[in-house]
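Novice: If you're matching them up, the sequences are chains A and B in order.
Mapping to my numbering: the first sequence position 200 is 200, numbers consecutive.
Count along the second sequence from 1, then add 469; that gives the number in my numbering.
Heads up, some of the hints might be wrong.
[Stated by the list, open to error] Computed list of lysine-lysine pairs in DSS-like fashion (alpha-carbon distance at most 27 angstroms, straight line): (1) K320/A / K577/B; (2) K328/A / K546/B; (3) K577/B / K475/B; (4) K69/A / K692/B; (5) K762/B / K7/A; (6) K153/A / K525/B; (7) K77/A / K818/B; (8) K475/B / K69/A; (9) K77/A / K795/B; (10) K525/B / K38/A; (11) K28/A / K692/B; (12) K687/B / K77/A; (13) K331/A / K320/A; (14) K7/A / K795/B; (15) K335/A / K526/B; (16) K69/A / K525/B; (17) K7/A / K525/B; (18) K93/A / K546/B; (19) K546/B / K35/A; (20) K297/A / K61/A; (21) K223/A / K475/B; (22) K577/B / K77/A; (23) K475/B / K297/A.
FYI, nobody ran anything at the bench for these hints, they're computed from the structure.
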Amino acid sequence: MGLLSRKVTCNSHGQDSSYFLGWQEYEKNPYDEVKNPKGIIQMGLAENQLSFDLLESWLAKNPEAASFKRDGQSIFKELALFQDYHGLPAFKKALVDFMSEIRGNKVTFDTNNIVLTAGATSANETLMFCLAEKGDAFLLPTPYYPGFDRDLKWRTGAEIVPIVCSSSNGFKITESALEEAYQEAQRRNLRVKGVLVTNPSNPLGTTMTRTELDLLVNFISDKEIHLISDEIYAGTVFSSPAFISIMEVLKDRKLESSQVWERVHVVYSLSKDLGLPGFRVGAIYSNDPIVVAAATKMSSFGLVSSQTQFLLSAMLSDKKFTKEYLSKNHKRLQKRQNKLVSGLEKAGVSCLESNAGLFCWVDMRHLLSSNTFEAEMELWKRIVYDVKLNISPGSSCHCTEPGWFRVCFANMSEDTLKLAMQRLKSFVSSITINNQSHQELKNTRRKNRNKWVFRLSFQSFHDREQEER
Amino acid sequence: MVAISKIATGNGHGENSPYFDGWKAYEANPFHPTDRPDGVIQMGLAENQLCFSLIKKWVMQHPEASLCSAEGVDRFKETALFQDYHGMPEFRQAVAKFMGKVRGDRVKFDPDRIVMSGGATGAHEMVAFCLADPGEAFLVPTPYYPGFDRDLRWRTGVQLVPVVCESWNNFKITRNALEAAYEKATKANLRVKGLLITNPSNPLGTVLDRDTLRSVVKFIDEKNIHLIGDEIYAATVFMEPEFVSISEIIEEVECNRDLIHIVYSLSKDMGFPGFRVGIVYSYNDAVVSCARKMSSFGLVSSQTQHLIASMLSNDEFVDSFIAESKDQLSKRHKYFTWNLSQVGIGSLKSNAGLFIWMDLRKLLKEKTFDAEMDLWRVIINEVKLNVSPGSSFHCNEPGWFRVCFANMDDHTMEVALSRIRTFMLKHNEAMVPRKLCRRSSLKLSFSRRRDDLMSPSIMSPHSPIPQSPLVRART
Numbered sequence: 001m002g003l004l005s006r007k008v009t010c011n012s013h014g015q016d017s018s019y020f021l022g023w024q025e026y027e028k029n030p031y032d033e034v035k036n037p038k039g040i041i042q043m044g045l046a047e048n049q050l051s052f053d054l055l056e057s058w059l060a061k062n063p064e065a066a067s068f069k070r071d072g073q074s075i076f077k078e079l080a081l082f083q084d085y086h087g088l089p090a091f092k093k094a095l096v097d098f099m100s101e102i103r104g105n106k107v108t109f110d111t112n113n114i115v116l117t118a119g120a121t122s123a124n125e126t127l128m129f130c131l132a133e134k135g136d137a138f139l140l141p142t143p144y145y146p147g148f149d150r151d152l153k154w155r156t157g158a159e160i161v162p163i164v165c166s167s168s169n170g171f172k173i174t175e176s177a178l179e180e181a182y183q184e185a186q187r188r189n190l191r192v193k194g195v196l197v198t199n200p201s202n203p204l205g206t207t208m209t210r211t212e213l214d215l216l217v218n219f220i221s222d223k224e225i226h227l228i229s230d231e232i233y234a235g236t237v238f239s240s241p242a243f244i245s246i247m248e249v250l251k252d253r254k255l256e257s258s259q260v261w262e263r264v265h266v267v268y269s270l271s272k273d274l275g276l277p278g279f280r281v282g283a284i285y286s287n288d289p290i291v292v293a294a295a296t297k298m299s300s301f302g303l304v305s306s307q308t309q310f311l312l313s314a315m316l317s318d319k320k321f322t323k324e325y326l327s328k329n330h331k332r333l334q335k336r337q338n339k340l341v342s343g344l345e346k347a348g349v350s351c352l353e354s355n356a357g358l359f360c361w362v363d364m365r366h367l368l369s370s371n372t373f374e375a376e377m378e379l380w381k382r383i384v385y386d387v388k389l390n391i392s393p394g395s396s397c398h399c400t401e402p403g404w405f406r407v408c409f410a411n412m413s414e415d416t417l418k419l420a421m422q423r424l425k426s427f428v429s430s431i432t433i434n435n436q437s438h439q440e441l442k443n444t445r446r447k448n449r450n451k452w453v454f455r456l457s458f459q460s461f462h463d464r465e466q467e468e469r
Numbered sequence: 470m471v472a473i474s475k476i477a478t479g480n481g482h483g484e485n486s487p488y489f490d491g492w493k494a495y496e497a498n499p500f501h502p503t504d505r506p507d508g509v510i511q512m513g514l515a516e517n518q519l520c521f522s523l524i525k526k527w528v529m530q531h532p533e534a535s536l537c538s539a540e541g542v543d544r545f546k547e548t549a550l551f552q553d554y555h556g557m558p559e560f561r562q563a564v565a566k567f568m569g570k571v572r573g574d575r576v577k578f579d580p581d582r583i584v585m586s587g588g589a590t591g592a593h594e595m596v597a598f599c600l601a602d603p604g605e606a607f608l609v610p611t612p613y614y615p616g617f618d619r620d621l622r623w624r625t626g627v628q629l630v631p632v633v634c635e636s637w638n639n640f641k642i643t644r645n646a647l648e649a650a651y652e653k654a655t656k657a658n659l660r661v662k663g664l665l666i667t668n669p670s671n672p673l674g675t676v677l678d679r680d681t682l683r684s685v686v687k688f689i690d691e692k693n694i695h696l697i698g699d700e701i702y703a704a705t706v707f708m709e710p711e712f713v714s715i716s717e718i719i720e721e722v723e724c725n726r727d728l729i730h731i732v733y734s735l736s737k738d739m740g741f742p743g744f745r746v747g748i749v750y751s752y753n754d755a756v757v758s759c760a761r762k763m764s765s766f767g768l769v770s771s772q773t774q775h776l777i778a779s780m781l782s783n784d785e786f787v788d789s790f791i792a793e794s795k796d797q798l799s800k801r802h803k804y805f806t807w808n809l810s811q812v813g814i815g816s817l818k819s820n821a822g823l824f825i826w827m828d829l830r831k832l833l834k835e836k837t838f839d840a841e842m843d844l845w846r847v848i849i850n851e852v853k854l855n856v857s858p859g860s861s862f863h864c865n866e867p868g869w870f871r872v873c874f875a876n877m878d879d880h881t882m883e884v885a886l887s888r889i890r891t892f893m894l895k896h897n898e899a900m901v902p903r904k905l906c907r908r909s910s911l912k913l914s915f916s917r918r919r920d921d922l923m924s925p926s927i928m929s930p931h932s933p934i935p936q937s938p939l940v941r942a943r944t
């Protein structure tokens with residue numbers, strides 16, 4: 001009889017996945033320009049480190065927000081005592097305005113519908129507790145963020161059924177894939193409660209098309225299920241096509257009074273767009289007041305520190321700052337992504353065309369020894385241990401095709417990225433040379449073998465002839 | 470159409486309990502000394518507001534503790550990026566040191582066993598997820614903090630079985646009560662996974678004596694169930710007897726350490742509920758490992774970790790804070806309970822916590838919980854004090870109320886006391902025995918004397934009564 005819960009002993013925390021194992025290897029031997037130049041370069045962490053100077057300069061110009069002061073008065077005590085799960089009103093206002101700004105002000109968000117949580121990790125789990133229970137499933141397009149296995153399933157008991165997307169159409173969601181996933185859930189005796197999409201996508205780095213979004217709205221409408229749109233990367237869209245939020249689609253289709261309106265929920269966070277994962281700022285936005293009410297109460301288990309709410313309410317209310325930040329950040333992301341893409345090209349590696357996110361979805365299928373996940377793991381291990389780059393294998397993202405890898409570009413300096421690309425280039429060349437020479441060797445051997453077989457057979461024919469004669 | 474989950478639509482959040490009704494009444498009409506002098510005074514919130522001046526002073530003198538000041542901004546980037554669920558080493562070390570100091574340095578805490586959580590609220594839920602599966606149960610001595618119904622049960626599916634404690638022996642946790650609860654659970658086909666104790670106790674404000682603690686540890690060891698010690702009020706022990714932590718007892722009593730877990734937070738001891746600093750400290754490696762992974766759902770903001778690490782690693786500050794806090798709590802407790810006794814209101818003798826367990830049994834029309842609710846409504850609506858009725862703490866006996874005293878300034882305390890006096894005056898007048906009515910002159914003088922004693926003007930801060938600690942404090 002177990003003394004601890006099943007949750008302790010099972011694997012649903014997902015941390016035995018290669019996604020996390022790569023991190024562990026990195027931690028044992030992390031690259032440092034000076035102290036450890038031969039170490040592993042971390043390219044498996046989707047962090048935005050490109051715009052801290054903008055945040056730091058804002059802090060320097062705004063000392064009050066920093067030191068618990070408002071209008072010259074210390075508000076330390078008020079903040080220290082503030083544990084209202086409705087959240088600091090000024091912060092919620094600033095946050096919804098920021099969310100709106102990111103969406104080109106094409107949609108507005110109501111502060112009454114937003115729930116603050118300790119990061120998107122908590123937001124996703126909380127939403128799942130509100131919408132699903134054991135025996136229920138959510139459909140997720142593959143490939144998807146490995147953390148969802150933990151966030152959506154571990155403590156909630158809910159299941160994930162994949163909507164299989166393939167490279168044949170750039171991993172876009174199709175109607176048949178949706179239907180197939182729905183049927184699969186039925187076959188597994190699971191009740192489908194909804195669909196969860198990440199838009200912009202992690203790990204693809206692409207924004208969803210209007211066609212896909214319309215498809216989703218139709219699908220959830222038809223099946224009368226929920227839709228969760230994790231829009232945590234909304235502020236990282238650095239080139240066209242423009243980001244279209246699910247809220248925009250509902251608005252454009254005039255669905256505000258429809259039944260589907262209350263079944264659409266958005267998850268957000270400041271971890272990617274502002275690069276502040278340590279501050280644990282997440283949010284659930286829902287048009288269903290029951291979900292908002294339940295999620296608000298649940299947020300007690302992971303509220304945002306009042307100290308952090310106060311700092312960020314000051315920062316995000318500064319519209320001049322947010323405008324400048326978003327614009328500069330986009331430019332830097334685009335530039336950096338271009339550097340990764342061209343670096344990969346030089347190494348003879350292509351990637352999915354992307355316009356968002358902090359990573360690229362890289363195609364290394366041609367480097368696999370065989371079209372299998374074993375070969376993908378083999379290749380991944382070589383890249384981590386020999387090439388010393390921690391990248392994330394597609395299988396950890398539940399991709400159904402071996403050979404794809406997620407490679408992050410915004411969590412390191414430009415020089416480090418350059419070095420990473422050099423290492424990759426050398427590695428790919430060496431494989432190619434090896435493959436070439438291996439191929440040549442194979443060809444030579446085949447020629448020799450053929451000669452030998454010919455001689456033998458000729459000989460025997462000759463011999464036979466001789467015998468028969 | 471698919472519904473949302475049962476968890477979302479059910480009542481497991483516990484907010485339909487009267488504990489929260491009082492809050493709602495307060496929120497609708499909160500007391501303010503000038504803007505709303507007739508508003509409801511909040512005495513249902515266990516907050517520690519007595520030591521902020523000391524903390525503020527420290528914060529002002531240490532701008533580097535704030536990430537965003539000129540002195541601290543060098544650490545901004547690395548802190549803003551730090552989301553490692555192990556938590557900052559300096560944060561864990563500072564918290565471990567603080568926990569040790571609060572226990573008089575009689576035990577040492579290992580920083581590597583410190584796991585973060587979203588406040589003690591998050592810590593309790595996390596521990597429940599780690600130790601029990603849906604349908605299994607924890608034993609909890611009554612009366613207990615109403616939030617446990619939500620924290621331990623709501624999303625986990627775990628059940629709570631009360632260990633009934635009674636007023637005749639000051640609500641002590643007896644071996645008999647523990648056994649009875651265990652048997653009751655077993656008969657109901659519930660698998661008991663653990664026992665949760667809060668020490669110092671909420672709502673009693675008392676500490677568990679050594680013998681009780683030893684008996685508790687022996688009990689869980691024998692039954693091979695977990696012991697969770699919520700020690701969130703550890704630094705609020707302002708008077709003898711001394712606080713004895715579970716961490717100390719396990720050094721004296723043989724037991725399986727894999728069963729021992731402590732929940733802690735800075736919300737009460739330091740008065741920082743807004744910063745959401747919850748801690749799970751387990752002696753069980755598997756629990757530490759699992760809890761750490763689960764802590765992803767409620768990590769402490771790195772900005773806050775940085776502030777707390779700076780603050781709590783400052784020995785001078787910590788020592789003076791712990792001493793000052795005890796002193797302020799002691800003074801406030803003494804003043805409050807003394808004034809209550811002057812109007813005939815008693816409470817359980819207590820030496821810790823931010824509240825008293827007030828005994829209003831004799832004010833009940835009858836010994837029922839309905840009568841308790843009636844009395845409570847009067848206190849909220851007429852006396853305009855939000856206090857927490859014992860039934861919301863699952864007390865088995867009606868008439869007890871938890872009344873907080875550390876979450877207000879001196880003036881508000883005076884207003885609260887004067888309202889209580891007025892109420893008791895009215896109540897006592899209504900209760901004047903019939904025989905006194907015949908001796909009219911006596912009755913008059915009797916009532917005048919009562920008036921002198923109880924009228925607010927005499928009991929004000931300018932009261933001639935020399936023992937008033939409040940008067941002493943002002944000179």
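Novice: Looking at the structure, which of the earlier hints fail to hold?
Specialist: When the structure is compared with the hints, numbers 1, 3, 4, 6, 7, 8, 10, 11, 12, 14, 15, 17, 20, 22 turn out to be violated.
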